[in-house]
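Enquirer: Keeping their order, the protein sequence lines are chains F and Y.
Residue 4 is where the first sequence starts when you use the numbering used here, and the numbers rise one by one after that.
Residue 4 is where the second sequence starts when you use the numbering used here, and the numbers rise one by one after that.
It is worth saying that the hints were derived from the structure and are not from the lab.
Virtual Cβ for every residue (Gly too), placed ideally from N, Cα, C.
Zero decoy hints are in this set.
Some chain F residues flagged as far from chain Y (calculated, every beta-carbon gap over 12 angstroms):
| # | residue |
| --- | --- |
| 1 | 13 |
| 2 | 94 |
| 3 | 107 |
| 4 | 126 |
| 5 | 143 |
| 6 | 226 |
| 7 | 253 |
| 8 | 357 |
| 9 | 387 |
| 10 | 388 |
Label pairs and their in silico Cβ distance ranges:
| # | chain 1 | residue 1 | chain 2 | residue 2 | range |
| --- | --- | --- | --- | --- | --- |
| 11 | Y | 349 | F | 78 | 37 to 43 angstroms |
| 12 | F | 137 | Y | 143 | 54 to 60 angstroms |
| 13 | F | 137 | Y | 378 | 29 to 35 angstroms |
| 14 | Y | 237 | F | 126 | 53 to 59 angstroms |
Number of protein chains: 2
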Amino acid sequence: MLIANAVLADGTQRHIDVTGGRIAALLPASAGVPARDDVLDVAGALLLPPLVDGHIHLDKTLLGLPWVPNQATGNNVADRIEAERKVRATRTVPEVETGSNLVRQVVAGGTLHMRSHVDIDNQLGLRNLHEVLKIRDRFRGLVSIQIVAFPQSGILRSPGTADLLDAAIAEGADLVGGLDPVGIDGDLDGHLEAIFAIAERRGVGVDIHLHDGGESGIAQLIAIAERTTASGLQGKSAVSHAFALGSVPADVAARTADVLARAGVAIMSHGPGGAPIPPLALLHQHGVVVFGGSDNIRDAWSPFGNGDMLERAMMIGYRANYRHDHELEFAFDMVTGAAARILGIEGYGVAVGAAADLVVVEAGSVAEAVAARPRRKLVIKAGKIVARDGVLAA
Amino acid sequence: MLIANAVLADGTQRHIDVTGGRIAALLPASAGVPARDDVLDVAGALLLPPLVDGHIHLDKTLLGLPWVPNQATGNNVADRIEAERKVRATRTVPEVETGSNLVRQVVAGGTLHMRSHVDIDNQLGLRNLHEVLKIRDRFRGLVSIQIVAFPQSGILRSPGTADLLDAAIAEGADLVGGLDPVGIDGDLDGHLEAIFAIAERRGVGVDIHLHDGGESGIAQLIAIAERTTASGLQGKSAVSHAFALGSVPADVAARTADVLARAGVAIMSHGPGGAPIPPLALLHQHGVVVFGGSDNIRDAWSPFGNGDMLERAMMIGYRANYRHDHELEFAFDMVTGAAARILGIEGYGVAVGAAADLVVVEAGSVAEAVAARPRRKLVIKAGKIVARDGVLAA
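Throw the hints in and build the complete structure from the sequences for me.
Expert: Here it is in structure tokens:
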């Protein structure tokens, strides 16, 4: 296959020679289109690397079901955990089906790699993990799904959960998760001790949800950085949300950023609507890898979201007050290159030798693609077209 | 025409009998579809009133042109005014064409009424007004366009602007605008005196941009309320943005809301991404009409936006941290009923006697329509289909 007349993110126009599912050559378009019978001429459309969703909840979504109104009685994390239990108790379609609906939708939108948190607590056991493992098997070869064993009900306040998290890793989860060590479990050291013990024993990374704000959130970030260093997990540790970084003065955020950068702790943001957004550019300047994710998509937590990572980059840019092209490109990197680095995707990118995983859109530049979120003209996986004009191939 | 099997916002299923461009009857669907040869069966789709954009800038958009990177050198209103001058100086396609591109796009998305601010200053004169008047003429009968004579460069710091605003009303603008009386003109009384003098003389309403935050913004809101009452403009006065209400303690916002409600001053919000969002529900509870608008769409101010008012309701809801159905319905009202009231649209709504201006989408409820922003299946103007599946009829 030769993808002809594609404009790359750097503005150059190229023909992409795809062989054996990989990019064999990036030829200058000025040379004209070679005479071959496998030419796919994209006529100056923009060719992007595949989108990466660094934070999704495949087991939570209700996508494809009739509308389920939000039932939370209050406005904090604990209220939403309770509301989710109610929704879960009444759902009749298994998570493998709704999660598959979501995977199909996001692949059609150009997402070919994702990190999904999966709820684990002492009521659910490993049920949701088993559902998401089925989804991973179902879509193997099309999309890579990294699984975080996520203690949605806490660890200490849901006795037995630590053992379940450990068992989840044994059964195929890739990372250990966490949740507001202070806000939910009320025991910073106990919560982190449980997470990092499993991570060390199993040789896996960590990705911890942290909604707790202000000075408490900052103290937890610093404790996570210290544990990360002590466990030798630099580069394999992430904190999702970290609203605290957006709720403290810039000098406090900058000092915390230095601590996170030294410890190799990355920060995931979905561009929160109702919570403070971390100072993403400041974090980046201080050496912290920041990456993007969808978070909740039409589930008991949020009615919003659709898994479109160009739209997510737009939302991040909108919340961060980005307007210049270099800022929109930074938001784009959060849902492509930076997320791929954190997820450890090998052979990622539009480069010779990389996997021929590609997304084609009608846009004049990456900045325009983020702002306008055009329909995905083509999604290509290992050199094969898997979606066209937003519709998954059969 | 009989629109059969439509689900209304209240959940009831109806047949809508359209005669002479108006809704003649809302028949219970349980009675079965009448035997007529002009039946349009929408098969349980959701029927909505037309969307209303309470704040758009038809003269600023660059929609349809190749991507123009943002050129502002700083991050405040004055910097962006300068950047816009640069963009304007180099554009070769007249505003009537780019503005028409935007009108076509928003009509295809179900917007049939809008309030457009139009830049007026002592360099531009009435040039942009004349462009937007041409747009209004071009689309007359399809979409109603209310025009605000908007002093984008200030009034006192752009000498001669007050006379131009007055002349704009004489030439067809519908309201007098304003811009940060303190932040831009540095003269609260002088700025408001100029605006309200014209409004009183010409018998028109006012709609004032107010980005100024904190206590200064609150003081300006109170001054606007006082002027509104003194000029007898209750119900014909609006403040756009009013970020200040989102940057002060709730008790200050509540007291200010009482002042605004007594004076009949409405508040427009687009759900700002990088500025504080006013406490919309609190304002509503205190009797202030809050309505929605797009604000900037792909122009020198913002790369974002597309004029889709269902997406705008979503953005408002996302920023306001709305999750429950009644909250999403409130955001929807901001871009339909509440905006129609502020714009003074007669015969608005899905009711017997109202104009047969309707939007059909595939959604189970208004809340779902806001969260999912489905493609507009049909847009109907005065009983005629003017767009189908997001594409404008020829």
